[in-house]
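2 protein chains.
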Amino acid sequence: MLYGGVETGGTWCVCAVGSGPEEIVESAQFHTTCPEETLARIVAFFAAGPAVEALGIGSFGPVDVDRSSPTWGYVTTTPKPGWQHVSVASVVAERLGVPVAFDTDVNAAALGEHRWGTGQGASSLFYLTVGTGIGGGLLIDGRPRHGLVHPEMGHIRVPRDSDPDRADFRGICPVHGDCWEGVASGPAIAERCGSRPEELPETHPIWRIEAAYLALGILSVVLIASPERVVVGGGVMDHPSLLEMIREQLKELLGGYLETPALADEIGSYVVAPALGDRAGVLGAIALAQTVEV
Amino acid sequence: MLYGGVETGGTWCVCAVGSGPEEIVESAQFHTTCPEETLARIVAFFAAGPAVEALGIGSFGPVDVDRSSPTWGYVTTTPKPGWQHVSVASVVAERLGVPVAFDTDVNAAALGEHRWGTGQGASSLFYLTVGTGIGGGLLIDGRPRHGLVHPEMGHIRVPRDSDPDRADFRGICPVHGDCWEGVASGPAIAERCGSRPEELPETHPIWRIEAAYLALGILSVVLIASPERVVVGGGVMDHPSLLEMIREQLKELLGGYLETPALADEIGSYVVAPALGDRAGVLGAIALAQTVEV
Chain A
1 MLYGGVETGG
11 TWCVCAVGSG
21 PEEIVESAQF
31 HTTCPEETLA
41 RIVAFFAAGP
51 AVEALGIGSF
61 GPVDVDRSSP
71 TWGYVTTTPK
81 PGWQHVSVAS
91 VVAERLGVPV
101 AFDTDVNAAA
111 LGEHRWGTGQ
121 GASSLFYLTV
131 GTGIGGGLLI
141 DGRPRHGLVH
151 PEMGHIRVPR
161 DSDPDRADFR
171 GICPVHGDCW
181 EGVASGPAIA
191 ERCGSRPEEL
201 PETHPIWRIE
211 AAYLALGILS
221 VVLIASPERV
231 VVGGGVMDHP
241 SLLEMIREQL
251 KELLGGYLET
261 PALADEIGSY
271 VVAPALGDRA
281 GVLGAIALAQ
291 TVEV
Chain B
1 MLYGGVETGG
11 TWCVCAVGSG
21 PEEIVESAQF
31 HTTCPEETLA
41 RIVAFFAAGP
51 AVEALGIGSF
61 GPVDVDRSSP
71 TWGYVTTTPK
81 PGWQHVSVAS
91 VVAERLGVPV
101 AFDTDVNAAA
111 LGEHRWGTGQ
121 GASSLFYLTV
131 GTGIGGGLLI
141 DGRPRHGLVH
151 PEMGHIRVPR
161 DSDPDRADFR
171 GICPVHGDCW
181 EGVASGPAIA
191 ERCGSRPEEL
201 PETHPIWRIE
211 AAYLALGILS
221 VVLIASPERV
231 VVGGGVMDHP
241 SLLEMIREQL
251 KELLGGYLET
261 PALADEIGSY
271 VVAPALGDRA
281 GVLGAIALAQ
291 TVEV
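From first to last, the protein sequence lines stand for chains A and B. Residues in the first sequence are numbered from 1 upward in steps of one, following the numbering used here. Residues in the second sequence are numbered from 1 upward in steps of one, following the numbering used here.
Isolated chain A (complex conformation) (with noise of 0.2 Å):
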C-alpha cells in the first residue's frame, strides 16, 4: 500500500509517495514560496502520480493539530510572511480526496525516526532541529504529543552564556528576543559571529558556547518530558564535535543528579544523531498517514 508524505518546512517543501524510507517509488522537492502556489504544487505531483491510501502532512508551526477545532490543519501565528492562519491540510484533502492526517513538521520527524531511525524501541523520543530555528517534536508513548496547542520548544528561555566578550549579544528572534532559537539557531549563530555556521572554523569559541546553550535546552526537555531517546539533527549539526560537546555539557548540567546510565557513561547512545538525516520529515509524514484510519 502506497501512502503520501509532505514535509512543509520554512524553506523547502517535500513530497514522497511509498512505504518507507526503502519503498520510496517518487518524490519531490520544490520551495516553500506562498500557500497558493505551493498547496497547488504539493496537489499536483500527488494528482500526477500512483493512487494513495492517505496524506500525512509535517509543517512549520504553530498549527492547529486539534482535530475538534474548526481551524485543524492551519498554519496558525508563524512569522512567515503570507503563511498567518492559512488552511492547509482540509484544502489538501478536498482537492485530492484523500484523508490526511496533520503534525507539526518536528513532530513528523520524531515519528520518522522512531519508526525507521535512531529512535526504533524507544516509546518516547525528543527530536530536536537546529536550523533556520529550533522546533522540537516529542512522542509519548509512540504518539506525536499535543495537548493545549503542540510543543513549541524553540520559544523557551535559557540562561544567556556569561562570556563576557559576547553576552551583549540579545539574540534575533522576532518575538522573544533571546529565546532558545534567538540565541542558538544557525542565524543566531551568523548574526553573532558575521559568519555562517558552516563556515566557521572547529577552534572557534561558538561552539562552547552553542553546545552549552543546547545542552540547556536538553536539559529543561529530560527533565519535564523524561524522553527515552534523544535525536538531534538539523544543519548547525554538520558541524563534526558538537553532538558530543553537548553530551558533556548536558552531564556537567545534570551533575549526576540522575544515576542513570543513559545520562552518564551510556549517553552517547541517549543523545544521537538522526538516522534518517533530511529525510526524517518526509518520511515521519509517510508514517503519519500510516495512523490514519480509512
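Hint data in this document are derived by calculation from the structure and do not stem from the laboratory. The beta-carbon is built from N, C-alpha and C at its ideal position, and this holds for glycine as well. Heads up, a few of these hints could be off.
To be verified - Not everything, but these chain A residues come out facing chain B in the computed CB check (under 8 Å):
1. 148
2. 176
3. 219
4. 225
5. 255
6. 262
7. 264
8. 267
To be verified - With beta-carbon atoms standing in for the labels, derived distance ranges:
9. B:20 - A:259: 46 to 54 Å
10. A:177 - B:202: 25 to 33 Å
11. A:268 - B:177: 21 to 29 Å
12. B:97 - A:177: 35 to 43 Å
We have chain A; now place chain B onto it with these hints.
Frame of chain A; chain B shown alone:
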C-alpha cells in the same frame, strides 16, 4: 471499597484510608525521620486500621518508578540524609500484604487534583509545588508521566534575574547551585532576603523576581509538554498576589506567540491554585492506589 494513600514528603509523612476527599475514614501525619522509623510508622498505621484493597505511595524523589527494575519503589539519589537507595514500596507491600502503586509525590498530587480538584476535565495536567523545593508532576492522557526516569523539573535552568542588587545571588541547590529550585524555592527566598517568605511584606521586590522565575519555568513546561492545565501550589504560593503575577509574567514571556485563549484572556482558568490544598498528595496517593489491578 477502601484504599490507602501515603505521601512521604521531605518533612512530613501523611497517611490516609478512604476512597476520596469526602470519604477519608482515618488519617495520620508524622515527621519523615529515618527510613526504618518512618516505614515502621506507615506499616503500623495501616495494620491497625481497616483493611484496604491497595495502597498508593507518593514519595519525595528522585525515585525509581520503573516496574520492571530491580530497584522499583526505591528512593534513589536524594540529598535527604539516610534516604539514599532505600526500598520503600516493596517493604510496605510485603509487611502489609497489599498491592502497592508507587510514584513521585508530585505525580501523586497531580493525580489528586486531576481526579477531585482543579484539574478535572483536563487530559493533561502539570502540577507544580513551590515550597522547601520545587517539584513538578505531569499527567499525560490522565496518567503520571514516566519514561527515562520521571519528571524532575526542579532542576531545569532558568535565566537568572538581572536586578543589579540581587543578581549576585547564586542559588542554593547543593548539586546545581542556580537551578530553578536553587533560585526560587522557599529556602532560596529566605537565603536571599534574610527572612522566611511568609515574613516578607507584599511590597518586597522579591515577589516580582519570584513570579518571573516561576513564570520562566512554567513557560518551559507549557512549550515542551503542552499541558491542558497548570496547577501551582506549595507554601510559597500562600503569598496572596503571587499567582496573578505569575500569570501576567507568563503572558509577557509568550508575547502573543501562541494565540490560545488559555494563554491570554483565559489564563485565569489555565494557571490555577490547587483545590485540595495540602491534601493533594495523599488524596492523589489514594487515586494511585485505585489504579492498581487487584
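Okay, the hints, checked on the actual structure:
1. 148: 5 Å, holds
2. 176: With a closest approach of 6 Å, the residue 176 (chain A) hint holds.
3. 219: 6 Å, holds
4. 225: Since the shortest Cβ distance to chain B is 5 Å, the answer is holds.
5. 255: Where the cut-off is 8 Å and the nearest Cβ of chain B is about 5 Å from residue 255 (chain A), the hint holds.
6. 262: 6 Å, holds
7. 264: 12 Å, violated
8. 267: For residue 267 (chain A), the interface hint is violated, since the closest Cβ of chain B sits about 11 Å away, which is over 8 Å.
9. B:20 - A:259: 46 to 54 Å: 36 Å Cβ-Cβ, so the 46 to 54 Å window is violated.
10. A:177 - B:202: 25 to 33 Å: 31 Å, holds
11. A:268 - B:177: 21 to 29 Å: 27 Å, holds
12. B:97 - A:177: 35 to 43 Å: 59 Å, violated
Hints 7, 8, 9 and 12 from the list above are not met by this structure, while the remaining hints are.
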